[in-house]
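Asker: Just so you know, the protein sequences line up as chains A and B, in that order.
Each residue of the first sequence is one higher than the one before, counting from 1 in this note's numbering.
Each residue of the second sequence is one higher than the one before, counting from 1 in this note's numbering.
For the record, the hints were derived by calculation from the structure and aren't laboratory data.
A virtual CB, placed ideally from N, CA and C, is assigned to each residue, including glycine.
Incorrect hints may appear among the rest.
Here are some, though not all, of the chain A residues that point toward chain B, as calculated from beta-carbon distances under 10 Å [claimed, not checked]:
no., residue
1, P18
2, A21
3, M22
4, V36
5, N37
6, G55
7, W103
8, K174
9, T232
10, G235
11, E237
12, L263
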Amino acid sequence: MTEPKSDWDRPYDVRARPMFAMFGRNRDVFLKTWKVNFIPPIVEPVLYLLALGYGLGALIEEVNGMPYVVFIAPALITITMMQSAFFETTYSSYVRMFFQKTWDAVVATPLTIEDIMVAELLWAGVRSVIYSTIMATVVALFGLLSFPSALLIIPIAFLVGMVFAGLGLMASAKVPAIDSFSYVFYLFITPQFLFSGTFFPLEQLPDPIEHAALALPLTNAVILVRSASLGTTTGLELFAFVYLVVAAFVFCGLAVGWMKRRLID
Amino acid sequence: MAPDATARADTSNRPTDARDAVVVARGLTKRYGDFVAVDGIDLTIQRGTCFGLLGPNGAGKTTAIKTIQCVSPLTEGTLHVLGMDTRTERRHIKRLLGLVPQEDNLDPDFTVFKNLTTYARFFRIPRRTAHERADRLLHFVQLQEKRDAHIQQLSGGMKRRLVVARSLVNDPQLLILDEPTTGLDPQARHTIWDKIRALKREGKTVLLTTHYMDEAEMLCDRLVIIDKGRILEEGAPRELIRKHVGGQAMELVAGAERPETLDALAADLDARGVTYERLSDRLLAFGPNLNEIENELRTKHGLTETIERRATLEDVFLRLTGRALRD
Ligand SMILES: Nc1ncnc2c1ncn2[C@@H]1O[C@H](COP(=O)(O)OP(=O)(O)OP(=O)(O)O)[C@@H](O)[C@H]1O
Ligand SMILES: [Mg+2]
């Protein structure tokens with residue numbers, strides 16, 4: 001018999017599904033305070049729609065042949081996906097890892113670090129679905145979504161959530177301290193927030209910047225969500241979808257690997 | 001849980017001396033970069049015993065525990081827990097372990113009761129069983145009145161007792177206690193000792209680290225003293241006391257302002273072949289028949305006081321690891 005290979009090198013076995021216990025833990029914490037948790041995604045879009053859509057929008061004729069508020073509504077939903085997932089695997093995961101030592105308690109059970117990471121990522125993806133679905137419902141009440149295609153927002157939210165969950169956890173694996181996340185947000189989230197075809201069409205930008213913007217995850221997410229919200233197509237959807245699927249796997253894979261390196265010593 | 005573990009134990013390529021041993025380590029080494037935290041230690045912990053892992057701060061106790069609980073891979077050596085190899089069967093091993101970590105890591109987002117049931121879910125314990133067990137364990141650690149309290153509302157001693165309860169939700173075969181009583185008041189310490197004894201009577205194997213030598217002397221069947229990652233001594237507490245410090249200890253007090261008295265006294269004890277340690281104002285002598293020379297020493301050297309007491313594990317510990325501060 002050959003020397004047994006170490007468990008620590010073995011690829012992650014998803015079929016065992018032990019990560020759902022950790023997922024369940026995070027869900028239970030969320031549900032415990034659900035009344036508080038559900039308020040931001042309801043209030044925020046109303047504020048943005050009123051201020052930007054109707055306030056600023058009144059000064060703007062039309063964007064790409066549609067009223068400004070119709071143009072930005074899908075972008076606001078997409079930004080929620082990004083922020084809810086990214087926040088979850090940065091600040092929230094970091095608190096669980098570093099301050100609450102929750103992961104230390106959990107690795108003492110049959111769960112492994114990989115299980116915990118997969119659970120954190122999936123939970124962030126689901127949070128993206130919860131928040132953006134609530135937000136989309138509010139936006140729909142303003143009559144700004146076209147059905148049934150807008151129902152696609154739900155699965156897209158999970159995909160986009162996983163992309164940003166992966167990026168967030170990659171950041172968590174590398175930051176020296178929790179304060180560093182503010183840099184990550186300024187340097188990484190804010191530019192995407194502004195330059196991903198969110199508040200103005202990308203064609204407004206000089207060519208090189210426009211092309212660079214096309215490489216941003218949020219740009220591709222906005223393309224998908226806008227098409228689903230309006231029931232139209234730009235021809236870029238397939239590219240955006242493939243981009244996001246690949247990005248989700250690559251980022252989540254890197255995140256798990258980097259986290260293992262940080263935590264197992 | 002148990003039948004499965006036994007079956008696995010029989011098929012794994014365990015060493016032969018592991019038949020009744022719960023932990024078998026051979027040449028266990030753990031390095032962090034160039035720093036050697038655990039330096040080739042051999043351990044055998046027999047089923048149903050309480051085994052002490054003692055050593056000064058930074059000796060490598062927690063590091064050794066982390067390799068045993070399969071959260072930290074060893075650098076060298078072999079380590080079998082419950083007959084299974086820690087390198088290849090960590091999920092199975094972890095199912096059968098209970099851990100009280102050095103630092104409390106209760107879930108501040110949940111109540112006392114929910115902390116236990118959430119933890120039970122990580123072991124895939126069915127909901128009903130988990131709830132029954134949680135209530136029984138809260139009773140066991142005398143926290144039933146705090147069942148619905150939040151973690152922030154507990155005192156340090158209550159938290160520690162809750163961590164002990166949590167470590168038992170999966171009915172573990174090996175219970176690892178990393179300084180379970182540090183920072184607790186005498187009542188809480190005695191409660192925890194009482195629980196450890198009860199668990200031993202149930203046949204559980206216990207691995208205990210502590211800085212309280214009275215605790216180790218009282219609870220441990222066998223123990224090792226480690227320092228700088230190496231084992232200095234191993235044996236039963238009484239055996240070690242007899243071997244290293246005889247049966248009796250006597251403090252011969254001269255007063256701090258009289259170092260020349262201590263010099264003379266030390267020379268005297270050297271001549272009589274009595275082992276001793278020198279402190280700032282007294283010598284601490286060890287041996288079987290010290291009271292025979294007590295009066296003579298007192299008058300001859302003009303000692304202010306002589307204090308006779310039983311030699312303890314703490315004397316052994318200090319003799320072996322020295323009195324210099326660590327860290
Ligand atoms: N993750 C780590 N990286 C580098 N060095 C470490 C790490 N963990 C522990 N050490 C070092 O290994 C040594 C042993 O530490 P360990 O925590 O095992 O000591 P201990 O015996 O449990 O001490 P204490 O009684 O203070 O709890 C220490 O010098 C510590 O600084
Ligand atoms: Mg320690």
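Asker: None of the hints should be skipped; say for each whether it holds.
Answerer: Cross-check of the supplied hints:
| no. | hint | result |
| --- | --- | --- |
| 1 | P18 | holds (8 Å) |
| 2 | A21 | holds (5 Å) |
| 3 | M22 | holds (7 Å) |
| 4 | V36 | violated (13 Å) |
| 5 | N37 | violated (13 Å) |
| 6 | G55 | violated (39 Å) |
| 7 | W103 | holds (9 Å) |
| 8 | K174 | violated (19 Å) |
| 9 | T232 | violated (43 Å) |
| 10 | G235 | violated (46 Å) |
| 11 | E237 | violated (40 Å) |
| 12 | L263 | holds (9 Å) |
Violated hints, listed in ascending order, are 4, 5, 6, 8, 9, 10, 11; each of the other numbered hints is respected by the structure.
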